[in-house]
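*Asks:* Chains V, L, U, P, A and D are the protein sequences, given in the same order.
Quick note: the first sequence uses my numbering, first residue 7, plus one each step.
Quick note: the second sequence uses my numbering, first residue 7, plus one each step.
Quick note: the third sequence uses my numbering, first residue 7, plus one each step.
Quick note: the fourth sequence uses my numbering, first residue 7, plus one each step.
Quick note: the fifth sequence uses my numbering, first residue 7, plus one each step.
Quick note: the sixth sequence uses my numbering, first residue 7, plus one each step.
Calculated directly from the structure, the hints in this document are not laboratory data.
Watch out, some of these pointers could steer you wrong.
20 Å max Cα-Cα, derived EDC-like pairs, lysine to aspartate or glutamate [said to hold, decoys possible]:
hint : chain 1 : residue 1 : chain 2 : residue 2
1    : L       : Lys74     : A       : Asp107
2    : L       : Lys139    : V       : Asp184
3    : D       : Lys33     : P       : Asp184
4    : L       : Lys79     : L       : Asp96
5    : A       : Lys52     : A       : Asp124
6    : A       : Lys94     : A       : Asp118
7    : V       : Lys33     : D       : Asp220
8    : P       : Lys316    : D       : Glu306
9    : A       : Lys292    : P       : Asp311
10   : L       : Lys292    : V       : Glu334
11   : L       : Lys94     : L       : Glu157
12   : U       : Lys139    : U       : Asp96
13   : A       : Lys266    : P       : Glu268
Quick caveat, the model's predicted, so the values are computed rather than measured.
Here's the letter readout for the chains.
Number of protein chains: 6
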Amino acid sequence: MKDIYIADLAQFDEGKLFDGFFLVLAKQQRSTKTNKPYLNLILGDKTGQLECRIWEPSDPRIAKDFDKGDIVKARGCVSRFDDRLQMKIDQLRLALSAEVDKTDLLPSTTHDVAALWDELQASVESMTNADLKQLLTTILADPAVSVAYREAPAARQLHHAWLGGLLEHVVSLLNLADRVAVHYPLLDRDLLLTGVVLHDIGKVRELSWGIGFDYTVEGILLGHIQMGIDMVEKAIASQPNFPDRLRTLVLHLILSHHGKLEFGSPKLPMIPEAIVLNFVDDLDAKMQAVASEFEKSAREGKGPDELTGKVWSLDNRQLLNTKRWLGETKSAE
Amino acid sequence: MKDIYIADLAQFDEGKLFDGFFLVLAKQQRSTKTNKPYLNLILGDKTGQLECRIWEPSDPRIAKDFDKGDIVKARGCVSRFDDRLQMKIDQLRLALSAEVDKTDLLPSTTHDVAALWDELQASVESMTNADLKQLLTTILADPAVSVAYREAPAARQLHHAWLGGLLEHVVSLLNLADRVAVHYPLLDRDLLLTGVVLHDIGKVRELSWGIGFDYTVEGILLGHIQMGIDMVEKAIASQPNFPDRLRTLVLHLILSHHGKLEFGSPKLPMIPEAIVLNFVDDLDAKMQAVASEFEKSAREGKGPDELTGKVWSLDNRQLLNTKRWLGETKSAE
Amino acid sequence: MKDIYIADLAQFDEGKLFDGFFLVLAKQQRSTKTNKPYLNLILGDKTGQLECRIWEPSDPRIAKDFDKGDIVKARGCVSRFDDRLQMKIDQLRLALSAEVDKTDLLPSTTHDVAALWDELQASVESMTNADLKQLLTTILADPAVSVAYREAPAARQLHHAWLGGLLEHVVSLLNLADRVAVHYPLLDRDLLLTGVVLHDIGKVRELSWGIGFDYTVEGILLGHIQMGIDMVEKAIASQPNFPDRLRTLVLHLILSHHGKLEFGSPKLPMIPEAIVLNFVDDLDAKMQAVASEFEKSAREGKGPDELTGKVWSLDNRQLLNTKRWLGETKSAE
Amino acid sequence: MKDIYIADLAQFDEGKLFDGFFLVLAKQQRSTKTNKPYLNLILGDKTGQLECRIWEPSDPRIAKDFDKGDIVKARGCVSRFDDRLQMKIDQLRLALSAEVDKTDLLPSTTHDVAALWDELQASVESMTNADLKQLLTTILADPAVSVAYREAPAARQLHHAWLGGLLEHVVSLLNLADRVAVHYPLLDRDLLLTGVVLHDIGKVRELSWGIGFDYTVEGILLGHIQMGIDMVEKAIASQPNFPDRLRTLVLHLILSHHGKLEFGSPKLPMIPEAIVLNFVDDLDAKMQAVASEFEKSAREGKGPDELTGKVWSLDNRQLLNTKRWLGETKSAE
Amino acid sequence: MKDIYIADLAQFDEGKLFDGFFLVLAKQQRSTKTNKPYLNLILGDKTGQLECRIWEPSDPRIAKDFDKGDIVKARGCVSRFDDRLQMKIDQLRLALSAEVDKTDLLPSTTHDVAALWDELQASVESMTNADLKQLLTTILADPAVSVAYREAPAARQLHHAWLGGLLEHVVSLLNLADRVAVHYPLLDRDLLLTGVVLHDIGKVRELSWGIGFDYTVEGILLGHIQMGIDMVEKAIASQPNFPDRLRTLVLHLILSHHGKLEFGSPKLPMIPEAIVLNFVDDLDAKMQAVASEFEKSAREGKGPDELTGKVWSLDNRQLLNTKRWLGETKSAE
Amino acid sequence: MKDIYIADLAQFDEGKLFDGFFLVLAKQQRSTKTNKPYLNLILGDKTGQLECRIWEPSDPRIAKDFDKGDIVKARGCVSRFDDRLQMKIDQLRLALSAEVDKTDLLPSTTHDVAALWDELQASVESMTNADLKQLLTTILADPAVSVAYREAPAARQLHHAWLGGLLEHVVSLLNLADRVAVHYPLLDRDLLLTGVVLHDIGKVRELSWGIGFDYTVEGILLGHIQMGIDMVEKAIASQPNFPDRLRTLVLHLILSHHGKLEFGSPKLPMIPEAIVLNFVDDLDAKMQAVASEFEKSAREGKGPDELTGKVWSLDNRQLLNTKRWLGETKSAE
């Protein structure tokens, strides 16, 4: 169980010793001006990351066999240089797997993953189209998918992404899509929900989240749209008599969900369900960004009259938290 | 009561006489090659429009005093030229106001306007913010607005627009916005609903719908956003103690509802309610376009395997009616 | 054997009777102004298409059972209306399959398809990477693919496309890519040639060429990139031990060959071979367009000093035939 | 009267004590590595800004009650860190209002504001349209507007903006517009001049210039176009019988003066006066930018053969000072 | 002397014979349905153009030796087909050069060309920089240039262009540039005026105006910017000791006058004079377009309340004639 | 002969003295906090550049007469500040021209310049069009051009550019263009090769490479396209009877070789040779960029599984070195 987090270190007096478990995000050998070798590390946990120095790498208390991606136990103290925090380490060893919980080291959803998974299953259960229901059941029952779907972030950028982010996003979308499906009788609800569950499923392969969040080489060259199509094609191939037209529609939903060619969808949405999927996906991503920006502003101590900084993912616009500005109770945020 | 519509005339034998009430959309004097003057008219009703010729304009059975914008009773027969339908008119007089119902002459909503109006009022009634509620009540109680809001189309293009179109669109949006407001606790529901009711209110002045649908000169020079702001500013001025911040937010919702500068909004949405208003407005417009295209394809006798033509308002993409293609019951369309 | 072509009819005297085999591109029932039903057809062959009228559809000499897509033998004479040619038909029956050669009815390559196919096979044969060679051999040996690959046009637009167009384009590209591969030692020649052979293979399913050239519904919703990926994935699945990395690279070549997201490639070229494939594909398409425009100008009787019309596929620029302008021998064109 | 400016401090020896009046642009409490609290300030005046440290905030010679936006008298000395200038402060108190002149603390126009104001009034006086003249007179006579119009900067960015910048820009435009109005008889001179005087009037509310130059929250959400419209509408409402058409034209001039939707004008200029207003506004802004860049280059010691740096507001182009390059007298710059 | 113009023919009774001089804009041999050859011509004069038919080309009264570009005397009568005017010609011969005035056959400026030329010369005379003055004098004294500069249109499109259009545009610009030069002391007046006189001089070679207005082949391949540079370079080469720097600046003014790369200028304006030249050139072109549109609307009988049609060269916006709308005297238009 | 390079200094112990020849890229006088003057230099050679300090500029061992652009011999030692290398200089004098080889001080091609020049001459020799051959021979025989063509870089940016870069690029293009010319019989080989040799010839004047690589003022204002045209025009003028049409085509090739207006070509390629020239120029530039990025990644120690950083000149995409990833021999890179 981890009890010291990187976010806590800012309050530490210089020189005060502490112990902690961290993920090694980078490791480089360097030399001082007098040509003495030292190690420069970046250590991280779910609350942030920190630059660290090991001035005596040959000290027997410093393990030799650790590398980028390992979890380590480190002892040292903080120092400040030009207002930037650093850490000086004098002891370091590999952590035992029983000692740490991975969710302490990478940011993760604040929701109960098991509950989210149940909601996802309930949505699938509520569908009436036997072929689509069977397709989703097959895919979600695949043990590799089932584990990864619960863990995968929804995107790579640290500030947008956390373990369980994909599942959290999909469950929010299922809920939202269900509300919209009732409003437009034109829509085939089962097809829309199938699109929601599968649209980003390729991300479980496009991204890796062992050491921070990153893209796999295959992910960069093929992308999660193509990788999701591949997973769905294989599941359909295993399902005798899956209707051809339904296959075409499901693949079209995945292909077109970014809504524009320049966003990487090779096809524009051409069926009502694809149009709606693109809208709710975009709206939910933007509303999450808005909520995150408001939290960030609050964390930074901004008052109700101050707008957020310019938000890159929202065309560099600034945002105002309406409820705070109007002086409503904070509980609603 | 009108019983012959322009859409019916295609089935008529050439030479068969008929009577009917029509709106004069255009009137031009021309001469034949032998320098004989004749009149060229465009007559319309809610089902379409038709080119007409009066070869003997000095015939006493042809009224002298009619002009563009009048409703007339005309007698004549159809002829065909190069596969195009024309009408030859031999009698024409101004209609009496008791003889015709304006909604026969311009396309109008298929919904019950009174019921839509009640839904709008109920939405306003459901709000808890006294200032906003009062503001909407004041505006909707203004007799001029109240009549115009029930009649105004939502846009000028004949294929997108009909009498009552604005009200129909707003009521659909209120319903949709209500569903989204529940999903995101961040949202101030009353503010969002206020935005829905007022975002297009300037259209009651930007557009004229006496003779076909058109823009007013002021509408072209100022636009419905500015004209709506003007109406709301006047209502707020009449309401003592309307909070300044609330005024700013309501005006911002109207200003930003097109979502992009290049779509004519001088400000991007910068509050959560404005982001959602722009999304639902856009989604509802697109879903209406989709439904209209599917109806048009069905009218044109296209089969379930044929996509629609390229839809200009949807980036020229073609659309497939999923439910028809999958062979589901037509009732759902 | 067909001996009367649509392009010949312009020289015919009005009223002169003739017989010919044609493809039915469209068939519509209409009525005259006096409500007499007649048939309006569009008949085509490889030289063009023509509007035709059957004024007496109940005549026993007019077959009842023909439809869009059929090949028919028709007898009639030409007439002119407003400088437009029409055909009046008084006899029409379904053609027997022995009577006609499909290549008379749709435009087709002027090259020898068998020779092109041999060149393609020789290119595959010249490769040294056993896995890629096996992959191409497997795909090209599939009887359905092998027939379709020889027939498919490279695109739908009539002026750009002809039977065998895909094969002709690929063989030209193999030749060109081979020259470029020698120039840049960085390039993996086998991978590049594999990309050339497979990049447009999905077109054998995206397009249909039974009746004119058109897109299939699946083709519109998924596109030839996705459909080609599907074909290649199935072939790889059948090939034990096909290296994973090679699979990723081959799929990446197909995905990225349009070179830009806005041209429908979901990924930009990120390996040297993909960059080159995109360039030579684009250059060869443009040089074909240039050659076609020069032929069209010559056909239209333009002199060497006249530029072509504005070419849509080349940003509406006009083109000048250098060699003709400089007075060089025409044989080179 | 202020006698030490921030721009002077670069020449100061380290350690030399001095006194001065400054504006507090920011104030933050921080701690040293040994957890000792200190204050970090940003102080500014019309020549620039500087980071300052108060290492002993509890010293009785340091006032407790000052905050961002206050004007203070500070005593201390400069130090340099990594080539960056800092100031160490050991005494600080609030300034008395009699001690300082606001124009010493924010950059301001080098022109005589009273003279500019007279030019503006003379322009209004020269107009012949009684309604427009009355409108401008009303607005400029409003005490709040009249003070703010003389003080407001034309934009927020420090390098473009100074106290009196709006008035300076408008007077230059009046002069230029008058020259153009003579050249094109199509133009209604009074309407054009009215547009010049009012186009940016909303900036007196969009911007605040108490502490540096910044946007108000209302300014960010509504923008100066909307805020100017509001001011003009109120003035028109107070003017009985102001012609409706004139009102529409004046509002259109304000709405459209940015010239493009993507620059935040919800309407394109659609009358000759609006087209000209947009041109002269844009030209004058660019010529000011050019003059500023030439001054900056001269200040930085660049020779006549050196172009300016890349100018962001001019599409990142570099500029050459023609007259200097040709060796003409400097007096003309 | 020409006394019948194409614009007059619309009033003619069908069958009434008339004689007239016209320019042959196109000539094509065609055949009737019964294979009888006939000629199809397009004849034009400064008021418009008309399609004509010669049904008996072998008639001895029809000259054999005329071609596109010739001026002919034709006799015939008008006929109407489907509301389109045509002319049937029964006599035609080549005109003698003494019989016609070229300015009757192509649209031309309504100004006095000699007076415009004097204004141009006076502007040159007013310059103080001896090198620039000499350069302009040399170029304008070249007999070929001097004739062409007086005749050339400013652009190809018939509605924008007329004989003398280039000179008219340049003289307007000289006047306008002079007003702006006074306003900004930064500007080198002589350099700016030189840019005005030379910026479009390449048009005297890019365009041909013998038969309608068209581009030369060299004009299409090189453009008037390059062709103007060539003319100026030759003149400079003939002028000993022309300063290098001045040459660079003059060439830069020509190169950059379109203001944007995408408008065909290979360089952005980088000196103050080039920035101003681009602005005034653009403003004057737009103001001419506005005036033309207002004249066209008046000609078409539009009322003061009607906006113009969408103007292609002004981003498809519609325009309102302010003075007419406000009811001011028409004389000012 | 230079034996210490800047790239070597990173390995040096702090304080160890060394001597070396360097190019002075910048020289600035500054003062310490205690107002003591010192010199800040940037010295460079073909391997990079370094910031240097002369703390005792009045020391007699420090030359007084050196400036930006000079080559100097400097003695000193390295120091490190905040991980950045600096150099402290205690002796400095101007180098004698015999002491240094310019190619040691600026990056230069790794090819044999004489051999490249022979290849260029051989290409010219292989041409059959006497006029074009004569034109190229004339230009390349001009002593000033001939020297500069061998030295000029192909572009300014240090990572793309080196002495001899232009010649290296042209020879590669000649080779590539020759391969493509064979493939498309439509092409006039001599014209295409002429375009290759001349397209960038203006760079010998647009760029200066005496002190680092930079643009000349004339180069910035006119650009290499215009400057190349000027050189070619002068050569043509000296060649009696050079055909007009050939001149137009050669100039068009130079004008249009960037392929798009927004890339600075005032004309789009409108002849086949210009289309091909633009393609091969673009392809060769991109393949060079790819090769450079792969070398850079290898230098930085990236493994075969790591993609390059985002490449600015390739739309910020990352690249994968296929051959390394597949484990092929490194020799091919």
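*Asks:* Take the hints in turn and mark each one as holding or not.
*Replies:* Quick rundown of the hints versus the structure:
1. Lys74(L) - Asp107(A): Since the Cα atoms of lysine 74(L) and aspartate 107(A) sit roughly 45 Å apart, the hinted pair is violated (cutoff 20 Å).
2. Lys139(L) - Asp184(V): 29 Å, violated
3. Lys33(D) - Asp184(P): 50 Å, violated
4. Lys79(L) - Asp96(L): 11 Å, holds
5. Lys52(A) - Asp124(A): Violated. Lysine 52(A) to aspartate 124(A) sits at ~25 Å, over the 20 Å cutoff.
6. Lys94(A) - Asp118(A): 37 Å, violated
7. Lys33(V) - Asp220(D): The given pair, whose Cα atoms are some 39 Å apart, is violated under the 20 Å limit.
8. Lys316(P) - Glu306(D): 31 Å, violated
9. Lys292(A) - Asp311(P): 36 Å, violated
10. Lys292(L) - Glu334(V): At roughly 34 Å apart (the allowed maximum being 20 Å), glutamate 334(V) and lysine 292(L) break the hint.
11. Lys94(L) - Glu157(L): The given pair, whose Cα atoms are some 33 Å apart, is violated under the 20 Å limit.
12. Lys139(U) - Asp96(U): 56 Å, violated
13. Lys266(A) - Glu268(P): Judged against 20 Å, a Cα distance of about 17 Å means the pair holds.
Checked against the numbered hints given earlier, the structure breaks hints 1, 2, 3, 5, 6, 7, 8, 9, 10, 11 and 12 and satisfies all the rest.
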